[in-house]
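First to last, the protein sequences are chains Z and U.
Number 32 in the working numbering belongs to position 32 of the first sequence; there are no gaps in the numbering.
Number 172 in the working numbering belongs to position 172 of the second sequence; there are no gaps in the numbering.
Treat the hints with care, as some may be off.
Note: identical chains are not told apart, hence a pair may lie in one copy or across any two.
[Said to hold, decoys possible] Keeping only pairs whose Cα atoms sit at most 30 Å apart, straight-line, the calculated DSSO-like set for lysine-lysine is:
| hint | residue 1 | residue 2 |
| --- | --- | --- |
| 1 | K120 | K22 |
| 2 | K40 | K185 |
| 3 | K139 | K120 |
| 4 | K120 | K177 |
| 5 | K120 | K185 |
| 6 | K139 | K40 |
| 7 | K120 | K40 |
| 8 | K177 | K2 |
| 9 | K139 | K22 |
Bear in mind the hints are in silico, worked out from the structure with no lab data behind them.
Protein chains: 2
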Amino acid sequence: MKLYDSPMAPNPRRVRIFLAEKDIEVPTVEVDIAGAENRKSPYVDRNPMGGVPVLELDDGTWLAESVAICRYFEETHPDPPLMGEGAQDRALVEMWNRRMESEVLIMIAQVFRNSHEFFKGRIPQVPEYGEACRGVATKRLEWLDQELASREFVAGDRFTIADITALCGIDFGRVSKIRIAPDQKHLARWHEAVSGRPSATA
Amino acid sequence: MKLYDSPMAPNPRRVRIFLAEKDIEVPTVEVDIAGAENRKSPYVDRNPMGGVPVLELDDGTWLAESVAICRYFEETHPDPPLMGEGAQDRALVEMWNRRMESEVLIMIAQVFRNSHEFFKGRIPQVPEYGEACRGVATKRLEWLDQELASREFVAGDRFTIADITALCGIDFGRVSKIRIAPDQKHLARWHEAVSGRPSATA
């Protein structure tokens, strides 16, 4: 088993934190995304979307998509549970993880993709769309601050994959100057707590 | 238990097809999305993102996000399995479902959101971004056609949630004039088969 990884991007960090929380060690192979290694053969022959990370299983299967990789490890190493326990809790954790993806991580990533030098010539950038996403991301952090007024973690009273997604999204905002505002005390309290876990440096 | 539903949008259709495949009946409440009922109180008090569908559970909990709702029913009504069986298969179905979401359904929905009259004044539309998404969606249908050359369904030899997501995405393309091209024989064969299942009319 091998994890195709990159220290630069937010999605591989999600999987590294998930593995660290479960105390699982997987050998990694660094993919040179700055050099577009992930956009060329042989990488795209096995992962046509070109994303990182990918988990190569022992039978040679390539498993892409961060949350699909996390789900594999949740099934094979259930403790500690990071994706909920029982039907209702699992569904609610999935809801919160998806909200953290679509409303926080993806919005913040779209600001970067559509405005940063790194993506020039790699994708058709639309700066106006990036700025619209910046507006959404900023509002969503205000909302998340209020949500965190009444509970310890994003999906309830226990650390889950939804916290990992939110952390990786918010930290990736720095490069686009999206930050937790000084008056967002609940979000700041949560961010300090999750950043202080040993897994956060994975 | 109640499902907040809308006949207009692609995401509620995903859940209706999923339920039909499992032969589960849930009472529905129609949300007037044309009248923006889902963007106002009391709806947004319980689902701040304003999306449809939402499943109201018997304890009053509101469960949003289509795939989270599907996961709830997959756990409570495992037969027939639509999200895979066993760790590796579940992860691969998740990978394919996520690819069908981010590369097909969301790309096609972004064309609609950023160019259609319906969203004028509702969101900041960026037509140039919509057109970029049209280009991506068109390429992704070419890719999916080739993927389907070697297998019956999107995630393998059995119908899964990934087929439901792809079907709802592709059918939603009609309103933006995104269609299966005449030379995409594999995609057309698959589309005819999945559209012919009784669940497709749910």
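Consistency of the hints with the structure:
| no. | hint | in the structure |
| --- | --- | --- |
| 1 | K120 <-> K22 | neither (37 Å within a copy, 46 Å between copies) |
| 2 | K40 <-> K185 | between (44 Å within a copy, 27 Å between copies) |
| 3 | K139 <-> K120 | both (27 Å within a copy, 20 Å between copies) |
| 4 | K120 <-> K177 | both (19 Å within a copy, 29 Å between copies) |
| 5 | K120 <-> K185 | neither (36 Å within a copy, 35 Å between copies) |
| 6 | K139 <-> K40 | between (37 Å within a copy, 17 Å between copies) |
| 7 | K120 <-> K40 | within (17 Å within a copy, 39 Å between copies) |
| 8 | K177 <-> K2 | neither (34 Å within a copy, 42 Å between copies) |
| 9 | K139 <-> K22 | neither (32 Å within a copy, 38 Å between copies) |
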